[in-house]
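Q: Given the sequences, and given the hints that come with them, work out the whole structure.
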Amino acid sequence: MDFTAIRFSGVRKVAKAELQFTHDAIRALECSAGKSEQIFYDKTQRGLALRVTARGAKTFVVIKRVNGTIKRITISKYDSKAKIVSIRDQAAKLIGEIDEIIEREKLDKQSSFVTVESTFEKMMKAKQRITQATREDYRRTFKNYLSSIADVSLGDFDYEDVIELHASITKPVLRANGTMSKERKRAANKALGLLGSIYRFAIVTSRHEGKSLITSNPVEIMREMNIWHEDRRSKIRIEHDKLASFINECIQICNDGPERNVASAFACASAAVLFMLFTGVRPDEVAKIRKAYVNHKMRAIVFPERTKENEQDTLKNGEEFHLMLNDTAYSQVLFSMKHSTSRYVFSGIQLDRLPESVVRDYMMKIGGRIGQHLPRKIARATFISIAESSEIGPYQIKVLCNHDGYGSSVDVTDGYKTMYAHEVRAAAQKVEEKIYQITGCKKNVVCRGQLENFTDIDESRIRKISVHL
Numbered sequence: 001m002d003f004t005a006i007r008f009s010g011v012r013k014v015a016k017a018e019l020q021f022t023h024d025a026i027r028a029l030e031c032s033a034g035k036s037e038q039i040f041y042d043k044t045q046r047g048l049a050l051r052v053t054a055r056g057a058k059t060f061v062v063i064k065r066v067n068g069t070i071k072r073i074t075i076s077k078y079d080s081k082a083k084i085v086s087i088r089d090q091a092a093k094l095i096g097e098i099d100e101i102i103e104r105e106k107l108d109k110q111s112s113f114v115t116v117e118s119t120f121e122k123m124m125k126a127k128q129r130i131t132q133a134t135r136e137d138y139r140r141t142f143k144n145y146l147s148s149i150a151d152v153s154l155g156d157f158d159y160e161d162v163i164e165l166h167a168s169i170t171k172p173v174l175r176a177n178g179t180m181s182k183e184r185k186r187a188a189n190k191a192l193g194l195l196g197s198i199y200r201f202a203i204v205t206s207r208h209e210g211k212s213l214i215t216s217n218p219v220e221i222m223r224e225m226n227i228w229h230e231d232r233r234s235k236i237r238i239e240h241d242k243l244a245s246f247i248n249e250c251i252q253i254c255n256d257g258p259e260r261n262v263a264s265a266f267a268c269a270s271a272a273v274l275f276m277l278f279t280g281v282r283p284d285e286v287a288k289i290r291k292a293y294v295n296h297k298m299r300a301i302v303f304p305e306r307t308k309e310n311e312q313d314t315l316k317n318g319e320e321f322h323l324m325l326n327d328t329a330y331s332q333v334l335f336s337m338k339h340s341t342s343r344y345v346f347s348g349i350q351l352d353r354l355p356e357s358v359v360r361d362y363m364m365k366i367g368g369r370i371g372q373h374l375p376r377k378i379a380r381a382t383f384i385s386i387a388e389s390s391e392i393g394p395y396q397i398k399v400l401c402n403h404d405g406y407g408s409s410v411d412v413t414d415g416y417k418t419m420y421a422h423e424v425r426a427a428a429q430k431v432e433e434k435i436y437q438i439t440g441c442k443k444n445v446v447c448r449g450q451l452e453n454f455t456d457i458d459e460s461r462i463r464k465i466s467v468h469l
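If you use full-length UniProt numbering, the sequence shown corresponds to residues 1 to 469, in order.
No lab work stands behind these hints: they were computed from the structure.
Don't take every hint at face value.
List time: in silico SDA-like cross-link candidates among lysine to any residue, alpha-carbon distance up to 25 Å [as the list claims (entries may be wrong)]:
| hint | residue 1 | residue 2 |
| --- | --- | --- |
| 1 | K71 | T53 |
| 2 | K71 | F40 |
| 3 | K185 | F40 |
| 4 | K297 | Q429 |
| 5 | K316 | S357 |
| 6 | K127 | Q312 |
| 7 | K377 | K434 |
| 8 | K83 | I98 |
| 9 | K127 | G196 |
| 10 | K338 | G318 |
| 11 | K365 | E259 |
| 12 | K377 | I349 |
| 13 | K185 | S148 |
| 14 | K377 | G393 |
| 15 | K434 | G393 |
| 16 | K297 | R463 |
| 17 | K16 | K58 |
| 18 | K58 | S36 |
| 19 | K190 | N217 |
| 20 | K171 | F142 |
| 21 | K122 | T215 |
| 22 | K365 | D241 |
| 23 | K443 | D327 |
| 24 | K377 | T141 |
| 25 | K291 | Q312 |
| 26 | K185 | V204 |
| 27 | K185 | F157 |
| 28 | K308 | R139 |
| 29 | K430 | A381 |
| 30 | K338 | D327 |
Computed spacing ranges between beta-carbons, pair by pair [to be verified]:
| hint | residue 1 | residue 2 | range |
| --- | --- | --- | --- |
| 31 | N226 | K291 | 42 to 52 Å |
| 32 | K316 | S148 | 22 to 32 Å |
| 33 | S148 | H240 | 39 to 49 Å |
| 34 | D256 | E433 | 24 to 34 Å |
| 35 | D352 | P258 | 14 to 24 Å |
| 36 | E452 | K291 | 16 to 26 Å |
From the three backbone atoms N, C-alpha and C, an ideal C-beta is built for every residue, glycine too.
A: Set out below in structure tokens:
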């Protein structure tokens, strides 16, 4: 018997009609005139009864008083070929389990109110430490990919639904310009990842009378069946034979200015692009650098620990971090600060921050001139690749670009390692030297005449500051 299909109903208290259940006795039973149904009890098995309707339908049921209320559970319709002893065994089993079955139905009823959207909203309210940008990203993902199942009860969503949803989101869609998109693999993984988080939150928080309403996470099937799309980060970098052209065109586009006589953010955008190339910083982190974060005595950017007041301008992990700069990176900071009109090092036109879209468009201009597609993180990828060829150790590279990693590939000993600021700066200078060796570019040109504006470094201080992941 499928317990999940059992339904209960109250039964009026009536005078018991008892008999020894046999096939002959059951066949002879009829509902009394004027009644819609009548209940007959078995003398052998307590709680076993037969429901007989005015139309002649006969059904075996179990009847038991639970917490002052009489409950009735259907066993099966009467079948003249069935063994009465088997019916009695089923009744005995149900009577022993009826409390558990009733509790299960109660939990099922409560769990029906635990929907995808209601749990998501509770989870968002509980996540106090995430940044506003992360919060907006969660909401954007939910709206774009999970809103279609917003009202679905978490208990009604199973493994097959998960697989179907992942496949549905992955499919290409028609763009507004009439072209078809590529398979949306990253979006599918991201959406199902969020759904998995919703389930994990529900398992811990959705309870009724001390019992969990949601006990399993169907998104786990993605890992069990290896359905997740492989996370293929862009493997391309700026090739060595085009790196000099990349740097020169980045500067030349700025010097040429926009095609029309309009205000532009070319100065800050060009400095941001070169800053990423010579530091390996993520594109979204460039715009977070406030002028107050620049420590000229150390030639470093000091990102503070995340607080409610500065959460928009901290790093991905929210921890304090000293980004030690080589000469070229520091020069881009000085150059951009001369053109920035806000409290940020890299600003846009009438905007405090330099938008990523401006940096992307500037990269497209460079790409058009050198004949190479330049995705948003290609400068970071190029920096890391050159750092590896400069015989800089893996941990040093991670510290240089603040990449602590995740998953099974992480070296657990990284948590015990520490570098001093002067060691990190020496590694950054080593990458810088390798770039100039590859390109043959003149350092003073790339540094845009800022070398003469440098102040002395406080060597004693950078030898005391430790930098770690």
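Q: Are the hints correct? Go through all of them and say.
A: Now the hints, each set against the structure:
Note on K71 and T53: the hinted pairing holds, with a Cα-Cα distance of about 18 Å set against a maximum of 25 Å. For the hint pairing K71 with F40, the CA-to-CA distance comes to about 15 Å; that is within 25 Å, so the pair holds. The hinted pair formed by K185 and F40 fails the criterion: a straight-line CA distance of about 62 Å is larger than 25 Å. Between K297 and Q429, the direct Cα distance comes to roughly 17 Å. Compliance with the 25 Å bound is thereby established for this hinted pair.
Between the alpha carbons of K316 and S357 the distance comes to roughly 19 Å, so the proposed pair stays at or under 25 Å and holds. The straight-line distance between the Cα atoms of K127 and Q312 is roughly 16 Å, inside the 25 Å bound, and the hint therefore holds. Proximity of K377 to K434 is assessed by CA-CA distance (about 20 Å); at most 25 Å being required, the pair is judged to hold. Using a Cα cut-off of 25 Å, the hinted pair K83 and I98 holds, with the two alpha carbons roughly 22 Å apart.
Among the hinted pairs, K127 with G196 is consistent with the structure: their alpha-carbon atoms are about 15 Å apart, no more than 25 Å. At roughly 28 Å between alpha-carbon atoms, K338 and G318 are farther apart than 25 Å, so this suggested pair is violated. Restraint check: the Cα-Cα separation between K365 and E259 comes to about 12 Å, which is no more than 25 Å; the hinted pair holds. Under the criterion of a C-alpha separation no larger than 25 Å, the hint pairing K377 with I349 is consistent with the structure, at around 23 Å.
With a C-alpha separation of about 18 Å, the suggested pairing of K185 with S148 holds against the 25 Å cut-off. Pair hint K377 plus G393 holds up; C-alpha atoms about 21 Å apart against a cutoff of 25 Å. Under the criterion of a C-alpha separation no larger than 25 Å, the hint pairing K434 with G393 is consistent with the structure, at around 15 Å. Straight-line distance between C-alpha atoms of K297 and R463 comes to about 12 Å, which keeps the hinted pair within the 25 Å bound.
A distance of roughly 17 Å separates the Cα atoms of K16 and K58; the hinted pair therefore holds under the 25 Å criterion. Of the supplied pair hints, the one linking K58 and S36 holds, its CA atoms being roughly 12 Å apart against a limit of 25 Å. With a C-alpha separation of about 16 Å, the suggested pair K190 and N217 falls inside the 25 Å cut-off, and the hint holds. Using a Cα cut-off of 25 Å, the hinted pair K171 and F142 holds, with the two alpha carbons roughly 17 Å apart.
Distance check on the hinted pair: K122 and T215 sit about 18 Å apart at the alpha-carbon level, within 25 Å; holds. Of the supplied pair hints, the one linking K365 and D241 holds, its CA atoms being roughly 18 Å apart against a limit of 25 Å. Restraint check for K443 and D327: the C-alpha separation of about 9 Å stays at or below 25 Å, so the hint holds. For the suggested pair K377 and T141, the alpha carbons sit about 22 Å apart, so the restraint of at most 25 Å is met.
Of the supplied pair hints, the one linking K291 and Q312 holds, its CA atoms being roughly 15 Å apart against a limit of 25 Å. As the CA atoms of K185 and V204 are separated by approximately 29 Å, the hinted pair breaks the 25 Å bound. Restraint check for K185 and F157: satisfied, since their Cα atoms lie roughly 22 Å apart, inside the 25 Å limit. A threshold of 25 Å between alpha carbons decides the hint, and for K308 with R139 the separation of about 19 Å falls inside it, so the pair holds.
A C-alpha spacing of about 17 Å is found between K430 and A381, which places the hinted pair at or below 25 Å, so the restraint holds. Only pairs whose Cα atoms come within 25 Å are accepted, and K338 paired with D327 is accepted, the gap being roughly 17 Å. With their beta carbons about 48 Å apart, N226 and K291 fall inside the hinted range of 42 to 52 Å. For the pair K316 and S148, the supplied restraint of 22 to 32 Å holds, since their beta-carbon distance comes to about 30 Å.
The given range of 39 to 49 Å is respected by S148 and H240, whose C-beta atoms sit roughly 47 Å from each other. In this structure, D256 and E433 meet the distance hint of 24 to 34 Å, their C-beta atoms being roughly 29 Å apart. The hint said 14 to 24 Å for the Cβ distance between D352 and P258, and at roughly 21 Å that hint holds. In this structure the supplied range 16 to 26 Å holds for E452 paired with K291, their Cβ-Cβ distance being about 21 Å.
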